[in-house]
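> Sequence:
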Amino acid sequence: MMKLPAMTLREWDGPLTADLVREPARFGLGQVPAHLLPDAATKAVCGFCSTGCGLKVHLKDGTAVNLTPDPDYPVNIGTACPKGWEALSVLDAPDRARMPLLHGREVDWDTALRYFCDQMRTVLDKHGPEAAAFISTGQIMFEEMAYLGALAKFGMGMIHGDGNTRQCMATAVTAYKESFGFDAPPFTYADFEESDVLVFIGANPCIAHPIMWQRVLRNKRNPQIIVVDPRATETAMAATQHYAIKPKSDLALLYGIAHLIIRDGGVDTSFVEQHTTGFDEFQKFLADFHPARVSQETGISVHRLVHFSQTIIHGTPRVSFWWTMGVNQGHQATRTAQAIINLALMTGNIGKPGTGANSITGQCNAMGSRLFSNTTNLLGGHDFRNPRHREKVATATGIPVERIPDCPSLAYDQILKAADEGTVKALWFVATNPSHSWIDQNEINRILDKLDFIVVQDMYCSTETAKRAHLVLPAAGWGEKDGCFINSERRIGYSPKVRRAPGQALADFHIFRLIAHYWGCEDLFRAWSTPESVFRVLQRCTEGQPCDISGISGHEMVHKSGGVQWPLSKDDAAKFKATTWKERRLFEDGKFYTPDKRARFVFEAPQPIPEQRSTEYPLVLITGRGTSAQWHTETRTRKSAVLAKMMPQELMLDLHPQDADALGIRDGMQVRVISKRAELTAKARLTTCVRPGEVFLPMHDPRVNQLTHASFDPHSRQPSYKHSAVRVEK
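So the sequence shown is numbered by the numbering used here: it starts at 5 and just counts up by one.
These aren't lab readings, by the way, just hints derived from the structure by calculation. There are no misleading hints in this set.
Pairs of lysine-lysine, BS3-like flavour, derived with a Cα cap of 27 Å: (1) LYS471 <-> LYS454; (2) LYS579 <-> LYS356; (3) LYS601 <-> LYS288; (4) LYS64 <-> LYS47.
Please construct the entire structure, taking both the sequences and the accompanying hints into account.
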């Protein structure tokens, strides 16, 4: 066999064609190793972020050996980010959980599940149904998360459970519910390409969602791109306008822009009168947000504020507003998201191509978690407190209605508070690593150490949380099981099993089935035998809901059609052609999901930042995504040698040269970053991408969340990671 040149098969960015196999040299490749030559292919949806890219998985003897982006999938159209290209390699890590671990010792499944049930039953019997809780995830298929939520609440009798999506998407959920009447992101990715003005607020898609940014670059309308972000991010550098506001002054800014739009005649009066309510009160509220005040609070000049508002006015009716964690992770995040929604409503920029108030989701199945995790919402976006909803879900699932709780769960931070107070005694974590990711890390680890029983169900036994667990259950990962995800644009995508999980690791779905058997409640879930059978149950749960998916004929339809955006009711499926499923946006008829079919203007005065700068802690710490090769706590991405080469090998602190000069710090010097809660060391990177008085750390390092201040939006209960007071020393 010829020696492979510098470019290997894994680096090849085209499809594995017959010509490539016959004449590899023509493509700059050496002879392809026989064990990597595929004999078949299938399609899957990527299991990293919420973009939901389609991948073409190449199979050899039924097992995945490589992959390329799917050129026909309507999301990514033949492109993939580094994480997508490396989706298979991270499955081969040596620290995969292969057997159940009981107090660090390998045991068989029978021993593990008996212990799980004995411990959980002891806690629940002794202390009541609120004494144990589960923390779900946006990383598993929605059929699996629905099974978990139903098993824990209907089968085992728990009251409380939440998801790690509380850390990324709870704000958008709450904002959409109050403003639109349902958690309903209105957009489709085609809107990236059809806008005349795109406004990104607290979003850096160049790094966080690079394939979405590729869709922006396909826009042929010569759009204005506005970025609102304290940092000069990669997206801000590519924008036509960047507004580097003071950290967490975004709510004042948005109210100020709304004030100017009203002043300068930019309101779509017809749309507002026909399709909204509360605008008159909103207009009165905005009177105080005059340009001089907003300029002082945000650090943006009056001239530039006017330029911002005029760009929106003259861009109408094709202005789209996009936001993500820079908005969602704030102390007044819900009202900030609703201030964005208000701008779209008052200018009539919704329900039409290239428009919308559009929340970009975080995890691959965060939208699935929002609808089907059975945590704070009953399955299918229903309300635990509504007797009619409980009856409907009972009928759809075959679960006796008396087993369905009549109250929603506590939120994530409230569950942890209950654990600290001794009310919650046991926690079951599924595919999440809060010992790394939760805000004020030392505090959560102190709380976890107080629990009687911790279970971690994960692909890897080496996470910070797994090391604290009494019991670790080894789970299969993406590519080792089948089921569906829902991406940011509401697209349901199917991902098949293309590999066998290592050792005795099992799909989360099968772990839940085994627990139901050992608990003695398997009869309740007789109809839940496969992921597709659960899909059918969930279809019945959604009938008549805004998220109705009863018109989908099953996994095969999702797989073959390039995904299906919800809603697709039975009536819609009968009248739509398959081509119309590709790209669909909500509210085209101007009707919302509120009782009167009108959208609501929701607003509230800005509140002070919980942790202010001081003489002792004079700098503001902002945290966020580091590179496109990194993902959250790096449980997976750090396993890839390719991705590791694309990440900084040391923790880098971005520091403005002016601050560095005052502190006597040179570029590349080791520094201490200190908050009231902890300190860490990092390498100083002097850059004007941050403003004087502000510093930035990537969230992926396991030490960073020792520094962050634990404040929470009062409406969404989402943590505020974007503003903590620190000082920096040599």
